[in-house]
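Asker: One letter stands for each residue in the lines below.
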Amino acid sequence: MTILEDRPSNPAAGDHDRPIGHGRMQRKEDPRFVRGKGRYVDDIVLPGMLHGAILRAPVAHARLVSIDTSEALAHPKVLAVITGTDLQALGLAWAPTLSMDVQAVLVTDKVRFQGQEVAFVVAEDRYAARDALELIQVEYDVLPPVVDARKAMDPGAPVIRDDLPGRTDNHIFDWEAGDKAETDAVFASADVVVKQEIVYPRVHPAPMETCGAVADFDPIDGRLTLYETTQAPHAHRTLFAMVSGIPEHKIRVVSPDIGGGFGNKVGIYPGYILAVVGSIVTGKPVKWVEDRSENLMSTSFARDYIMQGEIAATKDGKILALRTNVLADHGAFNATAQPTKYPAGFFHIFTGSYDLAAAHCTVTGVYTNKAPGGVAYACSFRVTEAVYLVERMVDILARKLDMDPAELRLKNFIRKEQFPYANKTGWEYDSGDYEPTMRLSMKMAGYDELRREQKEKRERGELMGIGISFFTETVGAGPRKDMDILGLGMADGAELRIHPTGKAVVRISVQSQGQGHETTFAQIVAEEIGIPPEDIDVVHGDTDQTPFGLGTYGSRSTPVSGAAVALVARKVREKARFIAAAMLETRPEDLEWEKGRWFVKGDPSVGKTMAEIAMGAHGTVALPEGIDGNLDAEVTYDPPNLTFPFGAYICVVDVDPGTGHVKVRRFIAVDDCGTRINPMIIEGQIHGGLTDGVGMALMEIIEFDDEGNCLGGSFMDYLIPTAMEVPDWETGFTVTPSPHHPIGAKGVGESATVGSPPAVVNAVVDALTPFGVVHMDMPCTPARVWEAMQGGTRPPV
Amino acid sequence: MQIPAPFDYVRASSVDNALALLDRHGAESRVVAGGHSLLPMMKLRLARPDWLIDINDLYELDYLLVDGPVLRIGAMTRHTTLLESDDVRRLFPIITDAEHVIADPIVRNRGTIGGSLCQADPAEDLSTVCHVLDAVAVVRGPAGERMLSMAEFHRGPYETAVAQNELLIEVRVPIRAGSGSAYEKVERRVGDWAVAAAGASVTLAADGTISKATVGLTAVGLDRNVTEVEAVLVGQVPTEQLFAEAGQLAADACDPLADQRGPIDYKRHLADELTRRVLRVACSRAAASVPDVTIQEG
Amino acid sequence: MQISMTINGTDVTREIEPRVLLVHFIRDDLRLTGTHWGCDTTNCGTCVVLMDGQPVKSCTVLAAMADGHTITTVEGLAHGATLDPVQQGFMEEHGLQCGFCTPGMMLTARALLDHNPHPEPLEIREAISGQICRCTGYATIVRSIQWAAEHPAGAAPETTTSESTEHEVHA
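Chains as they are written, first to last, in full-length UniProt numbering: chain A, 1 to 797; chain B, 1 to 298; chain C, 1 to 171.
The shape of chain A in the complex, shown without the other chains (with noise of 0.2 Å):
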């Protein structure tokens, strides 16, 4: 039985500061992972498991003239190469996305991107796979490649998409949010109007762990097994049963151990296709794994968004609208995960956390001669770009008006008092408190002692930055009525059972990539039901094991299945109220509840504890009417609203002016997620995220040249922080529980890599103000900081 609850109540007032189910605690999965016993898709080898390998394009653009794939079929080794025709056979050369485009699983008639899948071959071992590449004959006759997003639609450039009947340009979709005529009579009065270009270069989620999967086609019952680095089982078994017609049911996709996610593990790739197809034609199981220049150069990226952000303002620093329009590099396949009605996620959060009269946007999304994708690295579907536009915005805005950034942001912020508020792009924000997160993390920082020191270095030619980015997030997608994925509703189910003993396990539908699941969850149950967490074992990411959702991405899991997981067990627990006043031999009503026993109101010593009522469900109690044995619940959650977490960061850097070198030196962060779970937890998430925006604020970006060819394809120039770039982080909180959340927690997986860049990059510009500069764009390379002191960089893109 799946019920849809009753809206949850608020919070008790005064308990929010508490953490919930045991605060801080070591976490459940540690035991395993410390010991190296981690389970991840290339740790498992089934009997007789084939290895798969793929062969990627060398070039951007491409007609595919031949392929002649009998050298390596000759290969002692090798069991099967499959090519682009092969697939067509089998209806299955092309794949839809997750954004109603379609994508080719292997060429067969133009190569898109460099590093596009063209063949693939099965073999005995890995070695002899790779190996075999090499023997695979292709024919490409070179096409000029669609580069830079701002030529895709010059009169006159090539077609990238000719496979699309009817397609004469490389025009995907043209959306907008907000009032326009209201936004531009605002405008149009305002005293103070600044414009500034702001890129979001492309950047590139890169966890730890590559994409792979181990697929297992079992030619006797049909049933397919597929261990995939997914973060969305259910959709992609879902997917995998509308593409390959395999019945549903036959299909089981097991989610093990994942190392990392960052979105990068949303979107169903080639290469787990390829491996079915592997499994179906060899009849053994096939695994493949992606190296890491293959994870970087076709695997999802992110942002590619070039903004003309306009803001006006009066002159003594009323924000009143704010206005953009943003071209989408989408590259060569429209795949970006977002909910169907949002072509452009949630960019148009993009008014941020400031108290607007109008505000506008328009965004057109182009193919481009480059991997596919836009929607990832923890972006909570674009809420990152969104916030970089209007806080680097109000920084120039800050600048122009003279004004200090941190007195312009308290000056505009939404009050406590106008929520739940409507912006003026269509969004609720549930709840918010802004001054006391700002204030806190001014106090943090020793704001006005850094400012003066600032003032001090300044004299002396010393270049010191302070930066100030405060972020809104809007997370926990999504209501039913507003989202889905492909036509899939965006809720998430959890089963939960006490067994006889009292111990019990909770099934979730969303998974974990490291951000905690066994733990937080089984200490949202452990607060509801009052039995240990130690007692309560997680399970999720198998589809055979857990209800069906949409999967752990855009921070929803707390938000949505931790909602879901809060209720069962509130559903459990009104469950055994009954069972309990059997046993008592009273009225349910009469029954009082303490953590983990119901008791008889006014006798505290006659109750059952949990354990007890297990037993009794499971055993002789004679049960009243509707009341079946056992202490079992299973509740699917459809959120009413999405949250709204936010918070405060302040960024100090020193930047050499010898050599533009970018030194983080220190970063306060001040977060407000609603009511805590576990604070070790999300400590580590913020710190996490504030990494990624060191980042990307000063190395990491995916570059290409003029002939398409990719530049970030490796760990040697696609860069990511290390231990030295990053600073001993500093970080807060408050507490402002969401409203409609069963127990007021907002999710937090994003926030700090949503928030931090334009910390970081507002604090470089402030640093370089001595010498004009009021934007630069990501990333803050020594070289690119210099180019800015010298006059001005260039876009990166």
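Treat the hints with caution; some may be incorrect.
SDA-like, lysine to any residue: derived pairs with alpha carbons at most 20 Å apart [as the list claims (entries may be wrong)]: (1) A/Lys77 - B/Gln2; (2) A/Lys77 - C/Pro18; (3) A/Lys443 - C/Val169; (4) A/Lys663 - B/His100; (5) A/Lys663 - B/Trp193; (6) A/Lys37 - C/Glu75; (7) A/Lys663 - B/Glu187; (8) A/Lys663 - B/Val101; (9) A/Lys503 - A/Ala422; (10) A/Lys77 - B/Ala5; (11) A/Lys77 - C/Ile16; (12) A/Lys443 - C/His79; (13) A/Lys284 - A/Asp125; (14) A/Lys503 - A/Gly607; (15) A/Lys28 - C/Glu75; (16) A/Lys37 - C/His167; (17) A/Lys443 - C/His167; (18) A/Lys663 - B/Arg189; (19) A/Lys37 - C/Leu30; (20) A/Lys575 - A/Ala622; (21) A/Lys663 - C/Asp29; (22) A/Lys37 - C/His79; (23) A/Lys315 - A/Asp125; (24) A/Lys663 - C/Glu123; (25) A/Lys37 - C/Arg31; (26) A/Lys37 - C/Asp29.
Since the hints were made in silico from the structure, they are not lab data.
Could you slot chains B and C onto chain A? The hints should help.
Answerer: Showing chains B and C alone in chain A's frame:
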């Protein structure tokens, strides 16, 4: 994961054995020491030797020895050993400076000075350091040993004078009293190859004037010392003005290429900036070493 | 070719192709899958193992080159049921999230502490600077290694879950 093409492997037991193996297996054999340049290239299949001759057992080439007027460094000396050596820090802080920024600590556990010099990557730091220190490369082959100056040894990017049947066995660095040296590198991130780097060695005379000065640059298209600076520096008392002149000469002498690490102008600027910085530090270290110099001029 | 080495105290001998990388030998031949790999260019350090007590990147060492040497992997860190203080420290201080870089980080930490029992935070950061973690932001890894330095005999069993450190500031 990327995997090398097939090859045969043999482990050398001595220098003579290694030379015999090179001789036996000929042109398609390669020596592997730390392997941190060669193995990644083999995984990318940009290098495909038929034979790999592993010289990691040649402990006879793993030594640091102050031998009268020279520091002798065995070719198999690991970067970590050089970094942690007190003798090296005292005599040639430029080596310590450079080792601190070569790759990362774990790579430094395996990588060797011989491997670095023989790879001759244009962004490799120790080639510059050895040029600056007037080091001599000792190369052994079937015909015996040859002593090569760095100018003779280092022929350009990825190219050295070591013949296919020869082995670099030692680097000799002359010890000069009253000397100081320094190295500084700009990198996009710790462990990255240099955007640009500079090294300098300065010897001060008793009167405080510069009696010898060499400057070298890394990753900016100059495979030799910036000999232009010597005439400007020698005989002068070190001053900021002098360093600035030298920096300008270094910027003029280099010939960088634009790449992801930066444009030409920036790299030229770094040649200038870093030359000034390393001269400043080298001079101050030389000045500090003058009073208690005990080693005879070599 | 035939190679022999001591892995986690056990002598092993296997027939291999000369080109087999040490990381593949450990994972595929010996089925010790706690050693991971994350790149092809010796940059990420996910594959770090100890070779004669020193951390090395096992994707850039041939199995043949390890012939005759002693290798320690994450599976060899604990002494029976007793975890190494480094392993305890990573659990105490949340030094891991997805767990993928963790074995390499812990092995480097063990080698560091063997060499330098009381490292400064900057020395810890330098020691792990050849390794990438995408989850933790490193601060908790530094704290984990500091914890291990402060508890060379590990934690008493009763304190392993009770000790907690609050690092955050609340309004």
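Asker: Each hint: holds or not?
Answerer: Tested hints:
no.: 1; hint: A/Lys77 - B/Gln2; verdict: 18 Å, holds
no.: 2; hint: A/Lys77 - C/Pro18; verdict: 18 Å, holds
no.: 3; hint: A/Lys443 - C/Val169; verdict: 10 Å, holds
no.: 4; hint: A/Lys663 - B/His100; verdict: 18 Å, holds
no.: 5; hint: A/Lys663 - B/Trp193; verdict: 18 Å, holds
no.: 6; hint: A/Lys37 - C/Glu75; verdict: 8 Å, holds
no.: 7; hint: A/Lys663 - B/Glu187; verdict: 12 Å, holds
no.: 8; hint: A/Lys663 - B/Val101; verdict: 16 Å, holds
no.: 9; hint: A/Lys503 - A/Ala422; verdict: 44 Å, violated
no.: 10; hint: A/Lys77 - B/Ala5; verdict: 15 Å, holds
no.: 11; hint: A/Lys77 - C/Ile16; verdict: 16 Å, holds
no.: 12; hint: A/Lys443 - C/His79; verdict: 46 Å, violated
no.: 13; hint: A/Lys284 - A/Asp125; verdict: 13 Å, holds
no.: 14; hint: A/Lys503 - A/Gly607; verdict: 19 Å, holds
no.: 15; hint: A/Lys28 - C/Glu75; verdict: 19 Å, holds
no.: 16; hint: A/Lys37 - C/His167; verdict: 29 Å, violated
no.: 17; hint: A/Lys443 - C/His167; verdict: 16 Å, holds
no.: 18; hint: A/Lys663 - B/Arg189; verdict: 10 Å, holds
no.: 19; hint: A/Lys37 - C/Leu30; verdict: 14 Å, holds
no.: 20; hint: A/Lys575 - A/Ala622; verdict: 14 Å, holds
no.: 21; hint: A/Lys663 - C/Asp29; verdict: 44 Å, violated
no.: 22; hint: A/Lys37 - C/His79; verdict: 15 Å, holds
no.: 23; hint: A/Lys315 - A/Asp125; verdict: 69 Å, violated
no.: 24; hint: A/Lys663 - C/Glu123; verdict: 18 Å, holds
no.: 25; hint: A/Lys37 - C/Arg31; verdict: 11 Å, holds
no.: 26; hint: A/Lys37 - C/Asp29; verdict: 17 Å, holds
When the structure is compared with the earlier hints, violations turn up for hints 9, 12, 16, 21 and 23 and for no others.
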